[in-house]
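Asker: Just so you know, the protein sequences line up as chains A and B, in that order. Position 20 (the first sequence) corresponds to 20 in the numbering used here; numbering is contiguous. Position 144 (the second sequence) corresponds to 144 in the numbering used here; numbering is contiguous.
Keep in mind the hints are simulated off the structure, nothing from the lab. C-beta atoms are modelled at their ideal positions from N, C-alpha and C, and glycine is treated no differently.
Some, not all, of what chain B presents toward chain A, calculated at C-beta under 7 Å:
#1 Ser7
#2 Leu96
#3 Pro151
#4 Ser152
Computed beta-carbon distance windows for the label pairs:
#5 B/Ser264 <-> A/Glu63: 50 to 60 Å
#6 A/Val269 <-> B/His120: 38 to 48 Å
#7 B/Val60 <-> A/Thr257: 21 to 31 Å
#8 B/Thr228 <-> A/Lys185: 24 to 34 Å
#9 A/His148 <-> B/Thr80: 24 to 34 Å
#10 A/Pro253 <-> B/Leu130: 37 to 47 Å
#11 B/Lys189 <-> A/Pro253: 37 to 47 Å
#12 B/His157 <-> A/Cys34: 28 to 38 Å
#13 B/Lys126 <-> A/Val147: 53 to 63 Å
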Amino acid sequence: MSSRSYGLQEPPSLGVKGKKRYAMVIDLRRCNGCGACMMACKVEFDLPLGVWRIWLKEENRGEFPNVRKVVVPALCNHCDYPICVRNCPTEATYKHADGFVLQRFNRCIGCRACMMACPYNARHLLPGERTDPQKPWGVADKCSFCVHRVSRGLAPACVASCTARAMIFGDLNDPESEVSLLLKKENVSVLRPDMGTAPQVYYIGLDEGGVSDPVSCDKDRSVALKDDYHAFKKNHHGLQFGDILEGEKDTSPLGFTRQVVGHLKDFTVDIFEKLGIIGRH
Amino acid sequence: MEREIVSNAFHHANWGIPIAVYFWLVGSSAGSFVISSLGWVFGIKKFKPISFFASNLSIVQLLIVPVLLVFDLGQSTRATHLFPVITGFWHASAPLAWGTALVASYPVGMFIYSYLIYKHNEYWAKIFGLIAVIQACSTHWYTGITMALNPSRHPNHTAMAALLFLIGAFISGIGLLNIILKIRDYFVKEEDKVDPTMIVGLGRLMLVGLCLDIFLVFSEFIHMTYGTEEEFHVLELVTTVFRSPVMYLYIGCGLAIPLVILVSPYGKKTNGVLWASGLIAVGIFGMRLGWVGISQYSQTIF
Numbered sequence: 001m002s003s004r005s006y007g008l009q010e011p012p013s014l015g016v017k018g019k020k021r022y023a024m025v026i027d028l029r030r031c032n033g034c035g036a037c038m039m040a041c042k043v044e045f046d047l048p049l050g051v052w053r054i055w056l057k058e059e060n061r062g063e064f065p066n067v068r069k070v071v072v073p074a075l076c077n078h079c080d081y082p083i084c085v086r087n088c089p090t091e092a093t094y095k096h097a098d099g100f101v102l103q104r105f106n107r108c109i110g111c112r113a114c115m116m117a118c119p120y121n122a123r124h125l126l127p128g129e130r131t132d133p134q135k136p137w138g139v140a141d142k143c144s145f146c147v148h149r150v151s152r153g154l155a156p157a158c159v160a161s162c163t164a165r166a167m168i169f170g171d172l173n174d175p176e177s178e179v180s181l182l183l184k185k186e187n188v189s190v191l192r193p194d195m196g197t198a199p200q201v202y203y204i205g206l207d208e209g210g211v212s213d214p215v216s217c218d219k220d221r222s223v224a225l226k227d228d229y230h231a232f233k234k235n236h237h238g239l240q241f242g243d244i245l246e247g248e249k250d251t252s253p254l255g256f257t258r259q260v261v262g263h264l265k266d267f268t269v270d271i272f273e274k275l276g277i278i279g280r281h
Numbered sequence: 001m002e003r004e005i006v007s008n009a010f011h012h013a014n015w016g017i018p019i020a021v022y023f024w025l026v027g028s029s030a031g032s033f034v035i036s037s038l039g040w041v042f043g044i045k046k047f048k049p050i051s052f053f054a055s056n057l058s059i060v061q062l063l064i065v066p067v068l069l070v071f072d073l074g075q076s077t078r079a080t081h082l083f084p085v086i087t088g089f090w091h092a093s094a095p096l097a098w099g100t101a102l103v104a105s106y107p108v109g110m111f112i113y114s115y116l117i118y119k120h121n122e123y124w125a126k127i128f129g130l131i132a133v134i135q136a137c138s139t140h141w142y143t144g145i146t147m148a149l150n151p152s153r154h155p156n157h158t159a160m161a162a163l164l165f166l167i168g169a170f171i172s173g174i175g176l177l178n179i180i181l182k183i184r185d186y187f188v189k190e191e192d193k194v195d196p197t198m199i200v201g202l203g204r205l206m207l208v209g210l211c212l213d214i215f216l217v218f219s220e221f222i223h224m225t226y227g228t229e230e231e232f233h234v235l236e237l238v239t240t241v242f243r244s245p246v247m248y249l250y251i252g253c254g255l256a257i258p259l260v261i262l263v264s265p266y267g268k269k270t271n272g273v274l275w276a277s278g279l280i281a282v283g284i285f286g287m288r289l290g291w292v293g294i295s296q297y298s299q300t301i302f
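Starting from the given sequences, assemble the full structure and let the hints guide the process.
Answerer: Shown next, in the form of structure tokens:
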């Protein structure tokens, strides 16, 4: 079988003696959507407003009285064949021998090629303004499977905080580990298997969900979600491509021109900020 | 069944309008340079009078590019990390690593070629011109490849990306060159003015590229219509949210109207070609906007 490992990637360590191969199993039958994983992660890494290393995709399905809520925690899938690693021009992101896909902030230039490459939308750019200026900014960030905790024998923050014990983390090379047993016992699936990335976050009960169906998610955005998003955007620069556009006003030639001009204006201001000629905000 | 998304994350606006402008500029630069090389490299003598001007124009266009790219980085001061000579590491599997090498070396090649034309050194101009033409095509080919090598971005992940970029570059480059040549005429002496037949000749070249571009776009649309659900979703985006840059600006203003102008008798007159040139140059910018923007928008759905 041909290998899909190009560039700075360790070959997959499944079954290799003496090596770890960390993976996560998320049991959606147990997940109650409390959001403790999100909160724990935000606190662990002091993540700024608007970016997440792990987040919940929540969806209401059905018609009254047959309504139910579906929740899928989403995070970096620590793929065995990560496209982000393949496409990073500065080797800032790499595949660790133990299965982690990690980010070296000191090498990252913030070109966002990895974000373009990621099929899971799991990467984000840390904004220029941080509460603690010593923290990384202007670089791509992602879930690290809490490598700093795992290397000390602790579970990742999201796993440790999961109130329903829906997230299970462990070594797939250990046949007695809980993740290995679950993968043998349960019917698991992964997000976007068509991308050929061999994700290492496995879901139980994903086929019963519906949130994983990307297109239908986009077609039926709720009003509340749009409002939340626009409220968030008020704290940030201008309108960008990819923003949720509503109605004829924004998709008309005039509306589109307004967006283009606005975006270029923000970019020009950004140049002066980066040169230190004007202060940030 | 009714569905309502309650929450999701939005990590999607990665590459924006500065990158679209960069694609447009580097494409126009490549197009101008190919025209410049027709006279000195490929021996078509009637294009020789505009070679020097076209080559310098493509250098100017390309000099704006680093400003856009460097200041679009999250960490602009670390742009040096892209150069293996400085850092000692080079990630060969990344398209941007190759792109950096091309974008950095292409202006040097053009400078040498321009200098040799200036000195009327026919022999070396031909050799260095050929090298620079390969650099020009590669530089623009790589921009298409950079977008195409992202399998999750359905509008971009097509083997036709590089070709679409190259053909678009060729026609927008000629278009912009025609316009700037006309503007130049207002500032130069009577004997230095461009021969109107030259502009008409460039218009004929543009027509060939235009037909090829329309064929590629048609193929791409068919592909999307018979594609997966995600590809069909891209088609929906093209006809709804992004209809201004793609349907109106690119296909309408950039392809359909110039085609009508160029195949009509008006297309054999200078004014007709100039109108078509302007429309194509603006229309191809719409293609670049759509190309970058749709991929950002379609990624929000994951």
